[in-house]
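Next come the chains, spelled out residue by residue.
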Amino acid sequence: MEFNVEMKYVLDTMWLLVTGMLVMWMAAGFAMLESGLTQAKNTVTILTKNITVYAFACIMYWVIGYNLMYGEGNAVFGLGLGMSGITNSDHSVLSDFFFQVVFVATAASIVSGAVAERMKYWSFVVFTLVLTALIYPIQGHWTWGGTALGGLLSGFTDFAGSTIVHSVGGWAALAGVLLLGARKGKYPEGGGVRPIPGSNLPLATLGTFVLWLGWFGFNGGSQLALGSKGDVDAVALVIVNTNMAASAGAVAAVIMTQLLYRRIDLSMVLNGALSGLVAITAGPNYSSVGVAGLIGAIGGVLVVFAVPMFDKLKIDDPVGALSVHLMNGIWGTLAVGIFNPEVSFFTLLVGVVVIGVFVFATSFVTWFVIKKAMGLRVSEQEELEGLDRHEFGMEAYPEFRPGFEVG
Amino acid sequence: MEFNVEMKYVLDTMWLLVTGMLVMWMAAGFAMLESGLTQAKNTVTILTKNITVYAFACIMYWVIGYNLMYGEGNAVFGLGLGMSGITNSDHSVLSDFFFQVVFVATAASIVSGAVAERMKYWSFVVFTLVLTALIYPIQGHWTWGGTALGGLLSGFTDFAGSTIVHSVGGWAALAGVLLLGARKGKYPEGGGVRPIPGSNLPLATLGTFVLWLGWFGFNGGSQLALGSKGDVDAVALVIVNTNMAASAGAVAAVIMTQLLYRRIDLSMVLNGALSGLVAITAGPNYSSVGVAGLIGAIGGVLVVFAVPMFDKLKIDDPVGALSVHLMNGIWGTLAVGIFNPEVSFFTLLVGVVVIGVFVFATSFVTWFVIKKAMGLRVSEQEELEGLDRHEFGMEAYPEFRPGFEVG
Amino acid sequence: MEFNVEMKYVLDTMWLLVTGMLVMWMAAGFAMLESGLTQAKNTVTILTKNITVYAFACIMYWVIGYNLMYGEGNAVFGLGLGMSGITNSDHSVLSDFFFQVVFVATAASIVSGAVAERMKYWSFVVFTLVLTALIYPIQGHWTWGGTALGGLLSGFTDFAGSTIVHSVGGWAALAGVLLLGARKGKYPEGGGVRPIPGSNLPLATLGTFVLWLGWFGFNGGSQLALGSKGDVDAVALVIVNTNMAASAGAVAAVIMTQLLYRRIDLSMVLNGALSGLVAITAGPNYSSVGVAGLIGAIGGVLVVFAVPMFDKLKIDDPVGALSVHLMNGIWGTLAVGIFNPEVSFFTLLVGVVVIGVFVFATSFVTWFVIKKAMGLRVSEQEELEGLDRHEFGMEAYPEFRPGFEVG
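Chains as they are written, first to last, in the working numbering: chain Z, 1 to 407; chain S, 1 to 407; chain G, 1 to 407.
The hints are simulated quantities; they were obtained by calculation from the structure and are not laboratory data. In this text, a Cβ means the ideal position worked out from N, Cα and C, and glycines have one as well. Be aware that a few hints might be false.
[What the hints assert, rightly or not] Computed cross-link-like contacts, DSSO-like style, restricted to lysine-lysine with a CA-CA straight-line distance of at most 30 Å: (1) Lys229(Z) with Lys186(G); (2) Lys186(S) with Lys229(Z); (3) Lys229(G) with Lys229(S); (4) Lys186(S) with Lys314(S).
[Stated by the list, open to error] Facing chain Z, a subset of chain S residues (Cβ under 8 Å, in silico): (5) Met1; (6) Tyr9; (7) Met21; (8) Thr43; (9) Ser92; (10) Tyr121; (11) Thr147; (12) Gly151; (13) Phe346; (14) Thr347; (15) Glu391; (16) Ala396; (17) Phe400.
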């Protein structure tokens with residue numbers, strides 16, 4: 001290998017490894033965000049879900065998902081196991097696997113927040129296995145895998161996955177939430193919505209910072225290369241735009257909640273920042289810094305309206321995952337069609353719909369089968385007393401609350 | 001571009017991006033540190049301040065601050081908006097912007113700790129806008145911007161910003177604290193000082209570790225280059241010295257508090273580590289590892305005396321930001337004049353004074369105008385019951401304390 | 001220096017710095033893990049121990065340890081102080097020091113968890129000084145220092161330190177625990193084991209994620225090079241294997257606790273992930289991804305049996321450090337002898353035994369002298385009321401629990 005080719009190989013591979021680590025770190029962010037925004041009595045459950053969903057996703061994607069997504073095969077799915085038959089001369093295949101596997105874990109993490117506080121742990125795990133082994137990789141095969149589903153999706157573009165990762169997690173979550181139902185008491189019979197405040201906002205804020213940092217890897221690594229002036233300049237633009245969209249999302253949300261409610265809502269500010277991040281993910285590589293800020297700000301406004309909208313529809317999403325990842329995954333993808341003259345809005349819309357229908361339908365069927373086979377929801381008493389006490393027999397903060405007897 | 005020139009461009013740009021991410025991460029560190037060292041009833045406020053101050057700073061510095069600091073113009077300030085007219089052939093301009101914007105956010109974050117627990121959120125935000133758009137960039141234009149204020153500051157050197165970032169944050173905070181006054185009950189009428197313990201020391205410790213890690217980027221990235229033997233050797237020295245100064249600061253503080261109080265004070269140990277970090281920031285690139293340790297250790301000793309000194313002056317700084325960032329920002333800058341024979345102590349002193357006077361005076365005027373226009377301080381009742389309940393209508397830990405009715 | 005040689009030097013040095021930062025970050029992980037898994041009344045103590053153990057370790061290893069390990073000398077130990085006489089033409093010596101110093105801090109951090117909740121702070125510090133200045137570097141001189149103890153250890157291999165770092169920390173901790181005794185009430189007179197639940201499981205989970213992330217640096221940096229296709233490919237394999245072993249360890253533990261206890265134990269899941277990480281550390285560079293998963297899964301199973309086994313022996317280890325670092329440090333080292341046909345199982349066994357005997361014996365003597373000279377254990381009343389109240393005079397969460405009067 002010539003020296004200049006080798007240097008590019010080294011730098012590109014290194015970049016996938018470093019940015020992959022940052023995306024892995026997002027798993028910690030989801031764990032902190034979700035356990036901060038839910039009740040203390042369910043905290044052990046949500047922590048366990050978050051760390052094991054990452055672990056299960058890594059295993060399933062290695063066993064079959066990666067090959068289903070990037071392996072040879074047909075227009076609908078790849079074939080084979082592990083890394084068999086997958087080659088790459090631009091960078092190490094293992095570094096590519098590492099960068100991709102942390103993305104599938106991200107998609108799975110999105111689901112856990114939306115179904116929190118009433119779903120059985122093992123039912124969630126089974127869904128995760130299907131999502132990460134089959135559903136996510138198949139739609140990924142059409143897009144990042146390059147087959148365009150035999151042409152139906154040709155022209156569809158999604159730089160780092162507003163649709164392919166975030167809305168996929170969102171659609172899968174929506175299907176689950178519809179079959180699962182709302183938490184007891186969230187929508188009282190007399191009407192209205194009972195707020196169920198998060199138990200630990202410093203944790204939720206920490207989680208948001210972790211996700212923000214991790215997103216530099218999520219988007220910055222999606223250039224899949226670093227070792228040339230063109231690549232590193234592109235990465236710099238991606239990172240600045242990512243930071244600007246998040247900033248604008250947070251600022252939009254803080255201003256909106258002040259204007260609408262006369263009080264600031266921190267959880268909305270956190271979701272505003274995350275919405276900006278989701279929204280810019282489809283196209284941080286083409287837009288100017290100002291446009292990135294605009295896309296992020298619209299994301300921050302959207303989330304402020306989406307959260308009460310889902311509540312009006314009695315779709316109970318404890319952490320706002322649908323408002324952040326589904327709504328803004330769609331918005332971010334379509335924004336590319338608005339601001340990038342080289343991409344067709346219609347083509348993007350087709351992609352959003354095709355992938356949305358596929359993921360929602362297959363997820364719904366999967367959840368439905370799990371519901372029939374093993375049930376989705378814990379008993380009413382377990383929900384009331386907290387999942388931690390029943391499925392786990394331990395408490396997250398045993399000294400800060402009235403204790404209970406294990407056993 | 002020749003290959004060896006391109007490689008250096010790629011590596012230098014990559015290094016600014018990676019270290020810039022680490023500095024962004026410091027925003028999380030400040031959020032955790034400050035919310036850990038203050039009372040639970042004000043935690044939502046301080047979390048919101050920390051995440052939005054970062055967001056506002058990024059936006060304001062992009063709109064005008066960056067050009068005011070690095071743009072063409074005169075000896076006092078640059079001109080223009082965004083990145084217009086700013087070029088760089090050594091690395092991507094966007095990577096440079098990213099590395100610089102996270103520094104201005106750091107300066108602004110320092111302020112939030114000192115004014116915590118009694119300042120109105122929006123008054124703080126307005127000050128942040130002025131600090132990050134005008135005050136910080138103008139003094140930065142004289143130093144890192146290269147004009148030396150028409151010669152007055154020629155010879156002044158500050159590697160990563162003991163003065164330019166940390167003492168700037170400290171002076172801005174001091175002006176605010178003087179106009180704001182102490183928290184109710186901190187200095188009882190009968191004399192003495194009432195300790196108001198931090199509510200969550202694991203968070204404060206986490207924040208310190210985050211800052212320590214982020215500082216490797218803060219100082220290590222300030223070499224602004226990586227892609228040659230000379231550069232990477234310099235970066236290695238900077239990082240080892242940074243680590244040694246922090247270690248020595250922590251050790252000095254733990255020994256001092258044991259000797260002085262016969263008990264160890266964890267919050268002082270945390271501030272000792274941070275003091276070592278601030279102190280080494282002006283010159284981690286020239287000193288030997290042993291001297292770096294000495295500078296850090298003196299920083300750790302200084303903070304143990306500075307905290308009660310500010311209390312004696314009835315300058316109420318809930319998290320010790322003045323003792324850490326102002327005192328040690330000055331100490332660290334002057335230490336270069338003591339230990340580096342190539343730099344004049346007097347020149348450094350002039351720089352410390354000129355920048356100090358400018359930042360304190362402009363900050364004081366800004367705070368004063370805000371005080372007249374919209375007030376700085378929440379009502380006595382709001383302070384007593386907690387800012388979270390009034391400005392935010394939410395609690396940080398709603399399940400761990402007696403609840404309250406929102407509305 | 002020729003350009004291609006210089007590029008390799010730059011990349012290798014940069015990689016040691018970046019991965020060294022990740023290993024430093026593990027200190028934060030230990031602090032969060034250990035304070036999350038112990039009682040709130042001892043949290044300030046354990047936080048202080050974790051941040052200062054890192055600081056003391058960095059100072060002692062710089063003063064003497066680094067030279068004792070890598071300096072010229074004889075087969076048993078090196079000589080000299082600081083970096084005197086140590087040279088390296090492949091990468092910056094300072095970057096090498098940085099990468100090594102964070103490893104010794106890791107070994108010392110392992111000890112703090114096992115002796116938590118009943119040891120005097122300063123006794124622990126004195127042991128740390130001896131461990132990091134003498135015990136760790138001497139055994140490191142035999143292995144990574146290259147002398148093979150005059151041939152006795154020739155052929156012994158340990159890629160990133162399952163034995164050299166993790167079991168060393170474990171043996172040092174075991175010696176301390178034996179001399180220190182169990183926490184009051186842990187093993188009631190009537191028999192059985194009283195569970196003492198951790199006070200803050202979100203912190204413990206965060207700590208695990210931090211350690212997981214940091215481990216990519218721990219193992220990925222141990223290639224000690226990056227700047228060639230061969231090196232970067234090796235690093236990619238190391239990182240993928242590290243991630244897979246951790247995932248398999250977590251999954252094994254979650255399944256095992258469900259099967260054995262009919263309930264999931266989150267703290268066991270966390271220790272399962274960590275066990276997978278410790279186990280793969282000796283050989284992430286040779287095994288296939290599947291074998292890495294197997295090694296990690298066995299680690300996750302081992303820990304589920306090791307924790308009750310230590311309890312049966314009345315060896316009280318509040319955070320499971322012995323089960324994770326000692327048991328799996330041994331397992332991971334021996335696993336290389338099982339799965340790597342080029343390495344002799346017997347040679348590995350000799351290394352495990354020789355290093356184990358040396359570290360246990362010297363640690364035992366050190367602890368014994370400290371016990372005679374200044375005592376190891378706090379008074380019964382201090383243990384009952386919490387170490388924080390006596391040695392520190394402050395509480396970790398003062399607002400969430402009945403307060404106490406300082407003084």
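Hints numbered earlier in the text: which of these fail when held up against the supplied structure?
1, 2, 11, 12, 13 and 14
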